[in-house]
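Peer 1: Each chain, letter by letter, is given below.
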Amino acid sequence: MAEAIVFYGLAALILGFAVLVISTRNTVHSALYLVVNFLLVAMLYVMLGAEFLAAIQVLVYAGGIVVLYLFVVMLVNLKRPPETHQDPRRQTRLGLALASALLAELAAIIVYSATGESAPAATAAAAAGADIAGGNVEQIGMLLYTNYLIPFEVASMLLLVAMIGAIVLAKREL
Amino acid sequence: MLEAYVPILIFVFVATGFAIFTLIMSGLLHPERYNKVKLEPYECGIEPETDARDRYSIRYYLVAMLFVIFDVETVFMFPWAVIMDELALFGLIEMIVFLFILVVGYVYAWRKGALEWA
Numbered sequence: 003m004a005e006a007i008v009f010y011g012l013a014a015l016i017l018g019f020a021v022l023v024i025s026t027r028n029t030v031h032s033a034l035y036l037v038v039n040f041l042l043v044a045m046l047y048v049m050l051g052a053e054f055l056a057a058i059q060v061l062v063y064a065g066g067i068v069v070l071y072l073f074v075v076m077l078v079n080l081k082r083p084p085e086t087h088q089d090p091r092r093q094t095r096l097g098l099a100l101a102s103a104l105l106a107e108l109a110a111i112i113v114y115s116a117t118g119e120s121a122p123a124a125t126a127a128a129a130a131g132a133d134i135a136g137g138n139v140e141q142i143g144m145l146l147y148t149n150y151l152i153p154f155e156v157a158s159m160l161l162l163v164a165m166i167g168a169i170v171l172a173k174r175e176l
Numbered sequence: 328m329l330e331a332y333v334p335i336l337i338f339v340f341v342a343t344g345f346a347i348f349t350l351i352m353s354g355l356l357h358p359e360r361y362n363k364v365k366l367e368p369y370e371c372g373i374e375p376e377t378d379a380r381d382r383y384s385i386r387y388y389l390v391a392m393l394f395v396i397f398d399v400e401t402v403f404m405f406p407w408a409v410i411m412d413e414l415a416l417f418g419l420i421e422m423i424v425f426l427f428i429l430v431v432g433y434v435y436a437w438r439k440g441a442l443e444w445a
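Chains as they are written, first to last, in our numbering: chain A, 3 to 176; chain B, 328 to 445.
What the hints contain is simulated information worked out from the structure, not anything from laboratory work.
Check before you lean on any hint, since a few could be wrong.
As the list claims (entries may be wrong) - Looking from chain A toward chain B, a few residues come up when the C-beta cut is under 10 Å (computed):
#1 Phe40
#2 Ile67
#3 Leu72
#4 Val74
#5 Asn79
#6 Lys81
#7 Tyr147
#8 Ser158
#9 Ala168
#10 Lys173
Quick caveat, the model's predicted, so the values are computed rather than measured.
A virtual CB, placed ideally from N, CA and C, is assigned to each residue, including glycine.
Construct the complete structure from the given sequences, taking the supplied hints into account.
Peer 2: Next up, the structure:
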């Protein structure tokens, strides 16, 4: 019961800050709201028994990614007024299409989780997390470096591509 | 299990509460006596000449990007370090392969001069 209250409180806060992120006119403030949002999501991970993921969320997302966002904001000329597209209804149509796609997806998830027997997966994972209580780094490591060895090595390739891409984009003159 | 996080929750409440309390109390108690010297941005230092909302060099972005990439690399090394004894030689070899691919990127960044500021 207490966990349900904490979950719904957290979920409401996460949604509230997400709305603030996209509704604030000041882009720097928007990035700062995103930090709060990431921290709250980390708390959600803690509730699910995923302590390692929560620590990573704080380290990488709240610490690193937001710094990257802030530098991108500083790259953009904020003093220039936003340009209007030639077709003023373009964004409305695109937004409507994307929003209906998202709505359909959410409806599918709700129907699936209400009727199907997929719900035990989450509770089983939470129970497994509750069993060890000290942390699940060992479990993650054991899975990552044995069963999911190929995705792990592919991840390094992905990081390599990101690094080279950033250098090519930023240092074209060299 | 979640009871272990109660101290952290108390810590968050105390820290937030202290910040709010300090802001409110200083707002209520501070005297309002302003003069020209007091309103200067720096007591000693160069006065800002332009707006801070200017476009910054892309070098900052490049440094931040490289930081995030090596940050994620380190994240992958944490669980590996915890169970290194169980994985033994197999784990060592796969981590060497992982690191080798990233060292290729590191050498590329170095030779392209991405790590230099000038």
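Peer 1: Give a verdict on every hint.
Peer 2: Each hint tested on the structure:
1. Phe40: At 14 Å from the nearest chain B Cβ, A/Phe40 fails the 10 Å test, so the hint is violated.
2. Ile67: For A/Ile67, the interface hint holds, since the closest Cβ of chain B sits about 6 Å away, which is under 10 Å.
3. Leu72: holds, 8 Å
4. Val74: With Cβ-Cβ at 6 Å, under 10 Å, it holds.
5. Asn79: With a closest approach of 5 Å, the A/Asn79 hint holds.
6. Lys81: Holds: closest Cβ of chain B sits about 6 Å from A/Lys81, inside 10 Å.
7. Tyr147: holds, 6 Å
8. Ser158: holds, 4 Å
9. Ala168: holds, 4 Å
10. Lys173: holds, 6 Å
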